[in-house]
Amino acid sequence: MTASASSSTALLSIRDLRTYFHMGSAVARSVDGVSFDIGAGETVGIVGESGCGKSVTALSILRLIQPPGRIEAGSRIEFEGKDLVTLGDEEIRHVRGNRISMIFQEPMSALNPVFTVGDQVAEVARIHAGVSRKEAWNRAVEALALTGIPAAADRARQFPHQLSGGMRQRVLIAMALMMKPALVIADEPTTALDVTIQAQILELLVDLQKKFGTSILMITHDLGVIAETTSRVIVMYAGEIVEEAAVDELFSKPHHPYTEGLMHAMPHIGRELERLNVIPGTVPAPTDWPLGCRFRDRCPYSWDLCAHEHPPLYQIGTSHTSRCHLAIEPERRKHPHPPLVVMEGAAVA
Amino acid sequence: MNSIAHSRQSPLGQTLARILERRSSRVALGILTAIVLVGILAPLIAPYDPAAQPDIVALKELAPSWLHPFGTDPYSRDVLSRVIYGARLSLFIGFLATLVSLTLGVAYGATAGYAGGLIDSIMMRILDAFLAIPRLLLLVAILAAWPQLSVGALILFLGLTGWFGVSRIVRGQVLALKHAEFVTAARALGASRRRILWRHLLPNLVSPIVVAATIGVAHVIVLEAGLSYLGIGVPQPEASWGNIIRDGSDQVATLWWMSLFPGLMMVLTVMTLNVLAESMRGAYDRSST
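Sequence lines, in order, name chains A and B.
Numbering-wise (the numbering used here), the first sequence opens with residue 1 and increments by one.
Numbering-wise (the numbering used here), the second sequence opens with residue 1001 and increments by one.
I should point out that these hints are in silico values taken from the structure, not numbers from a laboratory.
Where hints are given, some of them may not hold.
[As the list claims (entries may be wrong)] Straight-line distance between alpha carbons at most 25 angstroms, and here's what the computed SDA-like set of lysine to any residue pairs gives: (1) B:K1178 with A:K134; (2) B:K1178 with A:F21; (3) B:K1060 with A:F21; (4) B:K1178 with A:D89; (5) A:K82 with B:T1184; (6) A:K210 with A:K134; (7) A:K134 with B:L1197; (8) B:K1178 with A:K210; (9) B:K1178 with A:L163; (10) B:K1178 with A:R139; (11) B:K1178 with A:E188; (12) B:K1178 with A:N138; (13) A:K180 with B:R1195; (14) A:K210 with A:F115; (15) B:K1178 with A:K82; (16) B:K1178 with B:L1149.
All values derive from a computational prediction rather than experimental measurement.
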């Protein structure tokens, strides 16, 4: 079972990743002690709302964090026998785009406006394969054709602004898969696209993954994307992993109240509601995470223990963990109360 | 997609097409091309040798006539020939000095902007110090200290004092662009710093750099004329628009042709350059919004 890939067989193994942003005297602990594995050929999803640290985690893997952000000492990102955190600048360049590549959210702004898309795909081969200009171009056209771009040879000579959003995303996928990397990190790859195009792009990613045996780290706030593409899910909240489980298990038996909230906030076709369920309140500021449970204010089950004891990742099932004290007092789930943010809001009013 | 449609679709091609849409820029480009051609073809066009003094008594200070359309100067030299050769030299100095300042300005600005942080702050404060000194004053000080200055040295000094503005522009643009997502994407693909700077940042700065360069050429032409007028620019007997005006400067009222014709050429050149820069800026602004 891929869900419990142990660290010895894992392709990517992240241990205690902490990425902090140092802004004057304030320190934003955007990623605060994240550990997980990705097995070879596996698709893992990271889900969470804006500001939970999922994108910073993705950028940290490729060491793309810019000052004032920095990966703290003690963090480890093991990949193919190397620790990416301590790898030299030149060596990490050979990993980027070659062994691990990334697909960005906004396909228009991720492409350079002044070069043809063929040039930009070919550049990857120029950097990593050291092939001639002509050979790189041929490979680029091949890669573009592989992503289902019709008349790829002609399209390659066009500029980004001449292509549709879906086409541009295919170009980015062609760039990401050019060197047949072991791992592709897809950071919200379909968020900027129309719903119909989203489905096509996801299908394309899954197809190409099967073809090349690439592992995928799918970062999204969309549980629908998670359900369609991944085998294992990591839920992040306030810089931490709050729950991790196989995808079926997570959808059928969510444990953490935050995961539960996310599920309830998902609109369902055919179910009529007066309004969408939302999780009340917002994520606390990364410069001062609360002492106990970081979700306490927004949680309908919280009790005094949650205020002063930061919950560890409890083992819920064979491959299911949750950062919630309900693991030790499950009967409290039967007695929900209005979340603290709601009660405080009422008190003020 | 044929190749013609393709070249029109490139962002630079589009900008170029948009510049040529305007009649004022087509006219300006036509006039400028004519002036440049006159400069390049000077030996073929000029009716006389610009340095020859055929008869310093009989042929000096002649008013414009069919034989000498722009008249002659106090040394009996033909002013038309001198203005034509002056175009050659003034444009040559303008382009080369601007090339020097562009190279320095782009290198300095791109380094500061791309490095950022402390390096950027230090480099910008040094720049502020340079900018605090008026360029003309700086040049007068340098050139006055070098009595026998060659044209090459003049170009070098004009270039060395002209890169501050360009480096400001480049630094600002690099600073703004280096966090663009396509730059992060390029880093994620394993592009080296040099590749990112040369392939991803600078090509996106071509338009503002060309605009700055065009204004820069106009500025150098005026500066050179000013310096030559003061007698510390282009050395005699070489002709430049500035030193032709200087030759007639003690009798402006009587030898009016000595300042009118080179002056008109200068105004025409500077104006066309500015019109072009303005329409390039317009086209660039429209394409970037």
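**Request:** Of all the hints given earlier, name the ones this structure violates by number, lowest first.
**Result:** 1, 3, 6, 8, 10, 12, 14, 15 and 16
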